[in-house]
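Peer 1: Given next are the chains, with one letter for each unit.
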Amino acid sequence: SQQGEEDPQALSIQEGENATMNCSYKTSINNLQWYRQNSGRGLVHLILIRSNEREKHSGRLRVTLDTSKKSSSLLITASRAADTASYFCAMDTGRRALTFGSGTRLQVQP
Amino acid sequence: EADIYQTPRYLVIGTGKKITLECSQTMGHDKMYWYQQDPGMELHLIHYSYGVNSTEKGDLSSESTVSRIRTEHFPLTLESARPSHTSQYLCATGGQSGLGQGFLDSGNTIYFGEGSWLTVV
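Protein chains in written order, with this note's numbering: chain H, 634 to 743; chain B, 2 to 122.
Simulated from the structure, these hints should not be mistaken for lab results. Be aware that one or more of the hints could be misleading.
Said to hold, decoys possible - Within a straight-line C-alpha distance of at most 20 Å, the following computed DMTMM-like cross-link-like pairs (lysine to aspartate or glutamate) qualify:
| hint | chain 1 | residue 1 | chain 2 | residue 2 |
| --- | --- | --- | --- | --- |
| 1 | B | 18 | B | 60 |
| 2 | B | 32 | B | 80 |
| 3 | H | 659 | B | 4 |
| 4 | B | 19 | B | 4 |
| 5 | H | 702 | H | 716 |
| 6 | B | 32 | H | 725 |
| 7 | B | 58 | H | 686 |
| 8 | H | 702 | H | 640 |
| 9 | H | 659 | H | 699 |
Claimed, not checked - Per the computed footprint, the stretches of chain H lying under chain B, defined by three or more beta-carbons under 8 Å from a beta-carbon of chain B, are:
| hint | region |
| --- | --- |
| 10 | 649 to 661 |
| 11 | 688 to 700 |
For every residue, glycine included, the Cβ atom is placed at its ideal position computed from N, Cα and C.
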């Protein structure tokens, strides 16, 4: 990937379980964002964490950031079938535009 | 939330045809972007604009061109489509809004349209 790698590439879980996705990046960032993409649609912004923050919560989402390791994780708790989508991390390096990771495809089985 | 409209949503055209993908937004954001995404793959920035009459090429080389004559519109044009251009094209906006509603900034967040799926046969 040009900037970020996500792991795993695909994840299949049962409803009610937690889903964890990881993102590693290569250069210094101002902030890191997570986006969701339903199949065949555009991306929707989920949450932003700044470089001086270590953890952030929004509803069932929990994001962590470790700038020393250049990594972030997205945790979705108590997953639902409607959470099925692809999830992308996006790095704001202060350059011209966000650069996106390779994405994790999440499948939540009802 | 920004309202971003992309047309057409789906397009199948023959090789050699000229096509324009339209992108319009109603938030008055100064920054607009075009990303290209193959199915199941990552997004690649192909063009961006920081304002009217400002356009720059992105990280991924593209044979397409763009224009930004008005704040609201950021159309992408392929003069002669080829099968290698088959992909999804995503338009996005962000930055500051100058719609007279006071100073608004999307705060580094960008907003995407629903995408245009282009198939060249």
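Peer 1: For each hint, tell me whether it holds in the structure or not.
Peer 2: Quick rundown of the hints versus the structure:
Annotation: proposed proximity of residue 18 of chain B to residue 60 of chain B is violated, straight-line Cα distance about 25 Å (limit 20 Å). With a C-alpha separation of about 24 Å, the suggested pair residue 32 of chain B and residue 80 of chain B falls outside the 20 Å cut-off, and the hint is violated. About 32 Å separates the Cα atoms of residue 659 of chain H and residue 4 of chain B, which puts this hinted pair outside 20 Å; it is violated. Distance restraint check for residue 19 of chain B and residue 4 of chain B: the Cα-Cα separation of roughly 27 Å exceeds the 20 Å cut-off, and the hinted pair is therefore not satisfied.
Taking the CA atoms of residue 702 of chain H and residue 716 of chain H, the gap is about 28 Å. The hint is violated against a cut of 20 Å. About 14 Å separates the Cα atoms of residue 32 of chain B and residue 725 of chain H, which keeps this hinted pair within 20 Å; it holds. The straight-line distance between the Cα atoms of residue 58 of chain B and residue 686 of chain H is roughly 32 Å, outside the 20 Å bound, and the hint therefore fails. Note on residue 702 of chain H and residue 640 of chain H: the hinted pairing holds, with a Cα-Cα distance of about 15 Å set against a maximum of 20 Å.
For the hint pairing residue 659 of chain H with residue 699 of chain H, the CA-to-CA distance comes to about 12 Å; that is within 20 Å, so the pair holds. For the region 649 to 661 of chain H, the stated coverage by chain B is violated: 0 residues have a C-beta nearer than 8 Å to a C-beta of that chain, whereas at least 3 were required. A stretch counts as covered by a chain when three or more of its residues have a beta carbon under 8 Å from one of that chain; for the region 688 to 700 of chain H and chain B the count is 0, and the coverage is violated.
In the structure shown, a violation is registered for the earlier hints numbered 1, 2, 3, 4, 5, 7, 10 and 11, in ascending order.
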